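K.L.:
Okay, here's what each chain looks like letter by letter:
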Amino acid sequence: MSSVESFSLEKGRGGGGTGLERSTESISRLRMVFGCAAIGALLIAALFAPWIAPHDPTLDDLFLINMPPAWLNDDLAYFGIENAWAYPLGTDSLGRDVASRLIYGARLAVIVGVSVACLAALAGVILGALAGFYGGWIDNAISRIVDVWLSFPPVLLSIILVAMLGTTLTSVIIVVAVIDWTRFARVVRADVLQQRSRDYIDAARITGGSDLSILIREVLPNVQPLLVTLFFFEIGIAITVETILSFVSLSVSSGAATWGDMIAEGRRVINEAWWVMAFPVGALVITILGLNAMGDALRFYLDPVLRK
Amino acid sequence: MARLLVTIGSIFLTLLGVSVVIFVILRLVPGDPISMMLPPGATDEVRANLERLYGLDKSIPAQYVIWLRNVAWLDFGMSTQFRLPVMEIILDRLPATLELVLLASLIALVLSFAFSILAVWLQVDSATLAIDGLAGLAQAIPDFLWALIFILAVTLFAPMMPVSGRFDPRTAQDFATNFYLLESLVTLRFEAFAELIRYAVLPALALGLPLAAGITRVLKGALEEAMAQDYVMLAQTKGKSRLAIVLGEALRNAMIPTIALTSVQLTFLIGGTVLIERQFSWPGIGSTAISAVINRDLPLIQGIVLVFALIFILINLASNELYRAADPRLRTSR
Amino acid sequence: MSLLQVDSLSLGLRGTPVLREVNLIIEASEIAGVVGESGAGKSMLGKAILGVLPRDVTVTAGAIRLNGTDLLALHPRARRAFLKRDMALIPQDPLSALNPCRTISAQLAEVLPKGTADAKMEVIRWLDAVRIPSATKVAKSFPHVLSGGMRQRALIAAAFASRPKLVIADEPTTALDVTVQKDVLHLIRELQRETGVGLMFVTHDLCVVAKICHSVTVMHGGRVIEQAACTDLINRPAHAYSQALLAATPRPDHAGQGLEPVPTALIERMIAEAGDG
Amino acid sequence: MKKLLGPLAGAALAANVAFADDSTLTIAYNVSLPSWDATVGVSAVNPTIQSIYKSVYDQYIDQNPDLSFRPGLLTEWGWNEDRTKVFMEVREGAFWHNGDPVTPADVVWSLERAGKEETGNPIQFLWSTLGNFTVDGNRVEADVLRFDPTIFKWMAFLTAYVLPKDYYTEVGAEGFEKSPIGSGPYMVDEYVANSFVRLKRYDEYWGGAPEFEMVIFKFLPDASARVAEVETGASDITLEIPYEEYDRLAAKDGLNGVTTPVSDIGMIFINDVGVMEDANVRKAAAHAINKDLIVDRLLRGYGVPIDTLQAPEYAAFTAETTVAYDPDKSKELLAASGYSTDNPVKFKIQTTRGFKPKDYEMIQAVTGMWKRVGIEAEIEVYEIAKHFDLRARDALAPAAFYNWGNSIGDPSTSTGFSMFGPSPHSTWDTDDVDAMIGPLWGEEDEDVRIAGYQRVDAYIAENAMVIPLLQFVQPIIYRDGLSVTPHVANFLLPQNVSSN
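Protein chains in written order, with my numbering: chain Y, 1 to 308; chain A, 1001 to 1334; chain U, 2001 to 2277; chain W, 3001 to 3500.
All clues stand as given, with none of them false.
Now the stretches of chain A that chain U is said to cover, found in silico as 3 or more residues with beta-carbon under 8 Å: (1) 1229-1236; (2) 1240-1249.
Some, not all, of what chain Y presents toward chain A, calculated at C-beta under 10 Å: (3) 30; (4) 145; (5) 147; (6) 148; (7) 149; (8) 151; (9) 153; (10) 154; (11) 163; (12) 236; (13) 244; (14) 247; (15) 270; (16) 274; (17) 291; (18) 293.
In case anyone wonders, no lab produced these hints; they're calculated from the structure.
Keep in mind the model is a prediction, meaning the values are calculated, not measured.
We put the beta carbon where it would ideally sit given N, CA and C, even for glycine.
With the hints as constraints, model all of the structure from the sequences given.
P.N.:
Below is the structure:
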């Protein structure tokens, strides 16, 4: 309230920074709102799929093939239904309800995304932390493995791996995690390396903490803001890669309603029934945008340096 | 000199690791080239005979040792699919991929630099927001979806744009190399160049857009940060215009973090050629890779993976050197 | 006609006043001190004169005249020409005021007046003038190899090299080691005397003001509290705030005496007088 | 690596349609040609690639679009009385693309090469049934080392191409890959693997020079790319596109369509493991599938429902063997084995996806129909490579969808290879079926052989040891001004396209 405080912007070194900080703050808030909305919708769809979805997402009806969304459906007689809104977003080339598949697709997206991110983060954090904390030959060995891993073309490797492991939900999750753990390992290693040299680690050492307890209690919490951001990005990446694998017809089969599956299928009938592809593409893009926005915003809020 | 040796040594070590991993993975994949060749009615004997012929009857380590020994003499084996030396196929296809990647990177650089500089120069909230939004969208849509969108858009709105191949096979020219684009440019055949660009622009755009978005995010942030520095204010007092300051003062500093982050993104772009080439029927190494996987052409997959790995490693090295060169603080303290 | 004449200048940050009706006159060959605590608006005044205000801070009223020309009424391009030709800044923080990616020589050469024959030699001459050792080598190097004091010297050289009429020094010594501060101060005064420019010296340190300034403007809360000749203010501060400020300043001639902080009660009263919250 | 191409026309910068001139035929083709050796190697037994081989090379014996046989480079052929020898008359007046005449020596060399183990010819086992060739003028004779009644049908089938002996020995295998020559209606002009091949008319072709001066096969494995190609006018003709797109494009101005049932069927292999050893389950699965509905709705009518492995054009087809759609019967059969919709029988079904039109979707629909009678099948998508591997190791799931091409229409290459236990390509493996098929391999009397296979087919249908679904229909879209004679063997031959 005091005018002295309102001038505090003068403290910012150089004038240009002040406007920037303000806009970053407001953009971050905007991002947070958008991210929360998108992820909230995704989570609600995922959690309550059985209650929200109007139909069984795998139930086909060969009499309802390629029915347009309700507001465009002007030939109810042909399809033999009374209420177009029973299939609000239309049906696909097997007569399955697009809306229901979209909702169950959200569920699978969350399962794939979160499992991959957890697995990749777990592997990456453990290896990255070991490498960063102990250094020496452990660091050398782990860094070498990361180097080798980063030298594989990811799409090609995932296609080969899925060909090897089969096309189930589990194998897709494993494949994406196997390919992407290096992202976490690299970041965590660099950060731990930096933290290790700080005074408070020595302080903890002096008070007799074991390596593990120091790592868990002192080092990792400081790495956490970056991890949270990475985690959100990774979920988006996992969902995208699943789509890619579906796209080359290598992903989850058994009629499971994944967005990738819907896109791959919709592409074949795009001129006939654009809605089969358009809705999952929209859902995918909004989800990734939401995740990225959330990751950016969280980094801003969690990182004391950036926030200042 | 010592540094060079260490670098070369570590490249070889990494490639060796890559080769071991891919070799083992490939032999665990169900389905093998022999099964692909067997016709209706072939007997087990025929199968055994073919396995012997392609050296697949030995143990995995033994196969690896044989393969490695040949690779030492730059013999990557014969493609079971094309019945030509792997090396020859790769050398034949690589130029198409490299040209695509080059064009895509060029597009990405031009777009990202133009937009970042524009945003920072204009300093208008609505423009900044619009550019941020565009970049976010471009990044959220993966390259293969862009390709899909482009192909659909072309059939709907611009049927004169080609969506497959490198050039129209009905109209072709004499090329001494497989670098058609570069060669037509160097030999000043501009009509041919324009025609080749027409074929390359959509796949390059699909590949380049996500990269452009990635670079824009980094570069714009770095530019904004640089513009908040005192030396920018000082430059203002020297009477420089805002554009001159963005270009003359901020850009150089903003380049440093941009280079570091772009190399990672560039490897994603190159990895993306695997899908994009297939979608646009681009006769490069990426589409060859997919057909090699589908047909279980093991020697070819191994060769291609190694080439990708080598390219990735070289890009990382190059970006490290570039990073050093761009930052005077590193240059002198080396 | 004075070199610089600021007429009831008011600045606002999105509606909130930053400067209120500030008047200031600087004559050629004069060193005019502007003192105040952090947040007093003194640096903002300098930036307003130079036309490098932050994006959200706008001039709401008043005029800034340089040799009679109202800078605020000029087209931005014309104003930039004025800036380039007639004004210069010695910035607060030498560490961040030099572009790390450009050589010292490049950053100095660009301010030299148009038509300078041998820019390279001129740069080295200026580096010598600010007493930078092995100037030839330094000219070719990037800022990170120089110490803070060296960088500030280079920046001072840059400020004077453009042969301006008005130099604004924005707390030029605050970021420096105490040992270096004195030398730099000397240097500035010396160059000012040699070139005869008008110099606006922004600082929070009355001590420094006492040493080099001819006139002093005391600022607080965005307004001018008191303006007087330097000796007058040091010896007979008229305004209670000036007195308090003076009491809070260590003075070489009053060694050993305890320092009195500016009383909060006084500040609060002043704020109440200003009539805003 | 030097590309020997024609001059770049200035018009290249205009729209693609500007090139749709009558002398060039551009085909948006669904598979990529990997190798030019039509006898040896992976692509040799790939049925989809044969159109290109048949444009460049001649076969010993050719096939009409309706699958009937006609002379190729052989004008006459047959066995002697006791089937210990074969004779072949080699055509006179045929020339290789380099101008050399096609000689009986070429035919002998090609047959001998095809029969050699070390070349890696996958059909080697068949060609090696002939040996001790003798040449007398244009007549080639050979001993029958092992009798195979289908040998002359195979001479119009996979790997049965005549290659130039002298040229091949001169340039070697690699040289031949780089610049192949044949004696067919078109010569290879330019070939960019994974991209396109450009063929030039061979004016000296013994069957008369074909109509188009230039033929381009663009390799476009992606169906939507092929659709875009014909829609934008970049290609004149394409095939193997989704039926929805076929209907849409055929209705468009400037484009026409033709569909033909081809010698390719979709079937569900049944593996004699687990629940599939229960005949009730198998029969219930067979009776629960409404093939007509699948064809009508899912394939928009483009398909011919079948009940045996013989399509109507095949030699052993008979309309008498049928498997009715009868879901009530399925429920009864399942009930007899203790299954119901509440307690469904469970097994896995494998399928390709996007390899044949609506393959995956069909299996989705099938499992949907099964669900209604009490069969719960879990779908697993596999690639062709994995299917081959699993099939060779007899490790397929209890049910596995795949397609089976048979352009010579012989029952031995349909029912024979796919149901005979010892064949590595069979999935069903029981003694009763083997005992029925076994004697037919060497049966000399053609009528007895065909009737025998018809009996086997009836027995298999009765016991539901395989579930044939439909005969595929090949959709072809082409621009105005062309006329296309579709080939039942699923070929798209430029020789069969003409402009009008």
